[in-house]
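**Student:** Line order of the protein sequences matches chains C and L. The first sequence begins at 1 in this note's numbering and counts up by one. The second sequence begins at 1001 in this note's numbering and counts up by one.
Take these hints with a grain of salt, some might be off.
Below are the SDA-like pairs computed for lysine to any residue, each with C-alpha atoms no more than 20 Å apart in a straight line [to be verified]:
| # | chain 1 | residue 1 | chain 2 | residue 2 |
| --- | --- | --- | --- | --- |
| 1 | C | 2 | L | 1127 |
| 2 | L | 1211 | L | 1043 |
| 3 | C | 2 | L | 1131 |
| 4 | C | 2 | L | 1282 |
| 5 | L | 1041 | L | 1021 |
| 6 | L | 1011 | L | 1075 |
| 7 | L | 1011 | L | 1290 |
| 8 | C | 2 | L | 1125 |
| 9 | C | 2 | L | 1041 |
| 10 | L | 1177 | L | 1265 |
| 11 | C | 2 | L | 1075 |
| 12 | L | 1011 | C | 6 |
| 13 | L | 1011 | L | 1041 |
Over 12 Å on every C-beta distance to chain C, these chain L residues come out as not near it, computed from the model [claimed, not checked]:
| # | residue |
| --- | --- |
| 14 | 1034 |
| 15 | 1036 |
| 16 | 1040 |
| 17 | 1046 |
| 18 | 1049 |
| 19 | 1089 |
| 20 | 1107 |
| 21 | 1154 |
| 22 | 1206 |
| 23 | 1210 |
| 24 | 1211 |
| 25 | 1219 |
| 26 | 1224 |
| 27 | 1265 |
Restraint ranges, calculated between C-beta atoms of paired labels, are given here [said to hold, decoys possible]:
| # | chain 1 | residue 1 | chain 2 | residue 2 | range |
| --- | --- | --- | --- | --- | --- |
| 28 | C | 30 | L | 1108 | 43 to 51 Å |
| 29 | L | 1117 | C | 20 | 26 to 34 Å |
| 30 | C | 42 | L | 1156 | 43 to 51 Å |
| 31 | L | 1179 | C | 20 | 52 to 60 Å |
| 32 | L | 1032 | C | 20 | 32 to 40 Å |
| 33 | C | 20 | L | 1238 | 54 to 62 Å |
| 34 | L | 1286 | C | 20 | 26 to 34 Å |
| 35 | L | 1148 | C | 20 | 23 to 31 Å |
| 36 | L | 1029 | C | 38 | 54 to 62 Å |
| 37 | C | 20 | L | 1061 | 32 to 40 Å |
| 38 | L | 1078 | C | 37 | 41 to 49 Å |
| 39 | L | 1148 | C | 42 | 54 to 62 Å |
| 40 | L | 1032 | C | 37 | 48 to 56 Å |
None of these hints come from the bench; they were simulated from the model. As the structure is a prediction and not an experimental result, all values here were calculated from the model. Note that CB positions come from ideal geometry on N, CA and C, so glycine has one too.
Each chain, letter by letter, is given below.
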Amino acid sequence: MKSGIYLGPPIGSARGPGRFLVLFGVIATLFHFGIYVRQVRELAAVRSDVEWREATVVPAVNAASDSELAQERAVLARLSALSESGASTGILTTELLQLVANALPDDVALVSLSIEPSTSPPSLLVEAVARREEDVTALERRMAASNRVAATRLLGERSAADGTLSIRLQVELTR
Amino acid sequence: MHGSGLWRWRKPSAGLAFSGQSLVAFKKGGKNGSGPRFERKELAEGLLEVSATTPNVHSVRDLAQIAETALDAVGARGERLVVALPDLAITTAVFPGRGRAPERELRQELASMLPYALGEARYDFWRGRHDEVLAAAVREMVAIQYEQIVEAVECRLAWVDAVSLSPIPSWSRRPSKKGELDVCLQLYAGHYCLTVFREGELVDARTKLRKAGDVELVCREVLRVPALHVSADSDEQDSIDSLSLFGCDTAAVAAALEDSARVRAIRIVTDDEDRHLEFSIETLLARGSP
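Make a model of the complete structure from these sequences and hints.
**Tutor:** Here it is in structure tokens:
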């Protein structure tokens, strides 16, 4: 039961704007809360993706890098040995590397490079993978064209299942 | 608390009441032991001319200054105020046995009694526990003037009711016996309000003009009540069981009626118009928020 007669200004209209503002505030808060939750979820997904990549991809990359680095170090060690022994008869290791780099055709990948300073004359052993026989021929021809190279000898050639050719090429250097 | 949004949950503790001749500010006693404070301000002739149809206040600014002084005196500046409007600004009707009627029907009945269009009115219905309905309306342009006074003194409105209507709901809650006829008479300098309860049910509330000091007219009206509200086929006695008097001239009315066989018991509740305005404000303060 009402407490009595009320003749004041209409309560509904007086409180209308207030109610509207409260309603607007609640809706805006819910809307922003929804956006916040979605962003938190996206961030969590990105974080887990990064963690997964750190856990799987980076070690593999590091492992690959480590092996390549070790190989490079081995080559450099041999080159240093060659340089220090004086057996290379004045050929600098950088010159040898430059020789190999210039001689490699585009479709031939260098697998390993060995220097044998003790042989007479000193020689290089190049292991590489080529797509075609023509590339192997081109590699031999380019090597032989250098005035630092006395002779080239194809020690081995093996055809893989995917059609590529693995070769071992001995390069005799001039004295 | 003032200035915060929490004021809506706090009951108002002060109010203003208007009569044609005076303005009364009242503040309840505080919890710190301070007693209730009351301030009456006499109004200059013509400043407030109470009417149900035309603007009442000649100068809102002047009346607001008087209200401000009264509110400062009781320490109620800036508070939420209940306002008791003058009776003669209100149109009142009682619909006995219509407590379950839809408001649409009650509106139509009230509209037929108003001297202006219902669209220009603020109105409300109070439904009693005996299926009676008390209806009251005030013209919007009249009510707004009193609200402007409250705004001008930097206060906010709580309950707004008429001086003589405010105690009716609390009177209707009093216990009553079968066949009992109770009358409450509120007397003011220029008018009086007669409220009749039969077996606790509000059956009549009428406001009538009188000349200041005219007691005879009032007594005649009181003595008519049993004939009006005791049914002819009833075996009940043709008399008022209890007559409660409020306001001014109550002693004179009581003296005039004490030997009447139609009035069994007379009780003077307040004997001063200002005290009755204060009583009206206190009644509104007890209600809480509208």
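**Student:** All hints are to be evaluated individually against the structure, with a verdict given for each.
**Tutor:** Quick rundown of the hints versus the structure:
Between residue 2(C) and residue 1127(L) the alpha-carbon distance is near 7 Å, which keeps this suggested pair within the 20 Å criterion. With a CA separation close to 19 Å, the supplied pair residue 1211(L) and residue 1043(L) stays within the 20 Å bound. Between the alpha carbons of residue 2(C) and residue 1131(L) the distance comes to roughly 13 Å, so the proposed pair stays at or under 20 Å and holds. With a C-alpha separation of about 17 Å, the suggested pair residue 2(C) and residue 1282(L) falls inside the 20 Å cut-off, and the hint holds.
A threshold of 20 Å between alpha carbons decides the hint, and for residue 1041(L) with residue 1021(L) the separation of about 9 Å falls inside it, so the pair holds. Distance hint between residue 1011(L) and residue 1075(L) is fulfilled; the C-alpha atoms sit about 16 Å from each other, no more than 20 Å. Among the hinted pairs, residue 1011(L) with residue 1290(L) is consistent with the structure: their alpha-carbon atoms are about 10 Å apart, no more than 20 Å. As the CA atoms of residue 2(C) and residue 1125(L) are separated by approximately 9 Å, the hinted pair is consistent with the 20 Å bound.
For a cut-off of 20 Å, the pair hint linking residue 2(C) to residue 1041(L) is broken: about 32 Å separates their Cα positions. As the CA atoms of residue 1177(L) and residue 1265(L) are separated by approximately 15 Å, the hinted pair is consistent with the 20 Å bound. Among the hinted pairs, residue 2(C) with residue 1075(L) is inconsistent with the structure: their alpha-carbon atoms are about 30 Å apart, more than 20 Å. Only pairs whose Cα atoms come within 20 Å are accepted, and residue 1011(L) paired with residue 6(C) is accepted, the gap being roughly 16 Å.
Restraint check: the Cα-Cα separation between residue 1011(L) and residue 1041(L) comes to about 25 Å, which exceeds 20 Å; the hinted pair is violated. At roughly 26 Å from the closest C-beta of chain C, the C-beta of residue 1034(L) stays outside 12 Å, upholding its exclusion from the interface. Every Cβ of chain C is farther than 12 Å from the Cβ of residue 1036(L); the closest lies at roughly 21 Å, confirming the non-interface assignment. Every beta carbon of chain C lies more than 12 Å from that of residue 1040(L), the smallest distance being close to 23 Å; the non-interface claim holds.
Every CB of chain C is more than 12 Å from the CB of residue 1046(L) (nearest about 24 Å), matching its label as outside the interface. Separation of residue 1049(L) from chain C is adequate, the least Cβ-Cβ distance of about 19 Å exceeding the 12 Å criterion. The claim that residue 1089(L) is not at the interface with chain C is violated, since a C-beta of that chain comes within 12 Å of its own (minimum 9 Å). With a least CB separation of 15 Å from chain C, residue 1107(L) remains clear of the 12 Å interface cut-off, as annotated.
Every beta carbon of chain C lies more than 12 Å from that of residue 1154(L), the smallest distance being close to 17 Å; the non-interface claim holds. The claim that residue 1206(L) is not at the interface with chain C holds, since no C-beta of that chain comes within 12 Å of its own (minimum 16 Å). The beta carbon of residue 1210(L) sits about 23 Å from the closest Cβ of chain C, which is more than 12 Å, so the claim that it is off the interface holds. With 12 Å as the threshold on Cβ separation, the claim that residue 1211(L) sits away from chain C holds: the shortest Cβ distance comes to roughly 28 Å.
A cut-off of 12 Å between C-beta atoms confirms that residue 1219(L) is not in contact with chain C; the least separation is 28 Å. Separation of residue 1224(L) from chain C is adequate, the least Cβ-Cβ distance of about 26 Å exceeding the 12 Å criterion. With a minimum CB-CB distance of about 26 Å to chain C, residue 1265(L) clears the 12 Å threshold, and the non-interface call stands. One distance hint, 43 to 51 Å for the beta-carbon pair residue 30(C) and residue 1108(L), holds here, with the actual separation near 45 Å.
Between residue 1117(L) and residue 20(C) the Cβ separation comes to about 30 Å, which falls inside the hinted range of 26 to 34 Å. Checked against the hint of 43 to 51 Å, the pair residue 42(C) and residue 1156(L) passes, with Cβ atoms roughly 48 Å apart. For the pair residue 1179(L) and residue 20(C), the supplied restraint of 52 to 60 Å holds, since their beta-carbon distance comes to about 54 Å. A hinted range of 32 to 40 Å for the beta carbons of residue 1032(L) and residue 20(C) is consistent with their spacing of about 39 Å.
For the pair residue 20(C) and residue 1238(L), the beta carbons lie near 59 Å from each other, so the given range of 54 to 62 Å is met. Under the hint 26 to 34 Å, the C-beta atoms of residue 1286(L) and residue 20(C), about 32 Å apart, fit the expected range. Distance hint check: the CB atoms of residue 1148(L) and residue 20(C) are about 25 Å apart, consistent with the given range 23 to 31 Å. Between residue 1029(L) and residue 38(C) the beta carbons are some 57 Å apart, a value that agrees with the proposed interval 54 to 62 Å.
Between residue 20(C) and residue 1061(L) the beta carbon distance is about 33 Å. The supplied range of 32 to 40 Å therefore holds. Hint check: residue 1078(L) to residue 37(C), Cβ distance near 44 Å, so the stated range 41 to 49 Å holds. Judged by the Cβ atoms, the range 54 to 62 Å given for residue 1148(L) and residue 42(C) holds: they are separated by roughly 57 Å. Here the CB-CB span from residue 1032(L) to residue 37(C) is close to 50 Å, well matched to the stated 48 to 56 Å.
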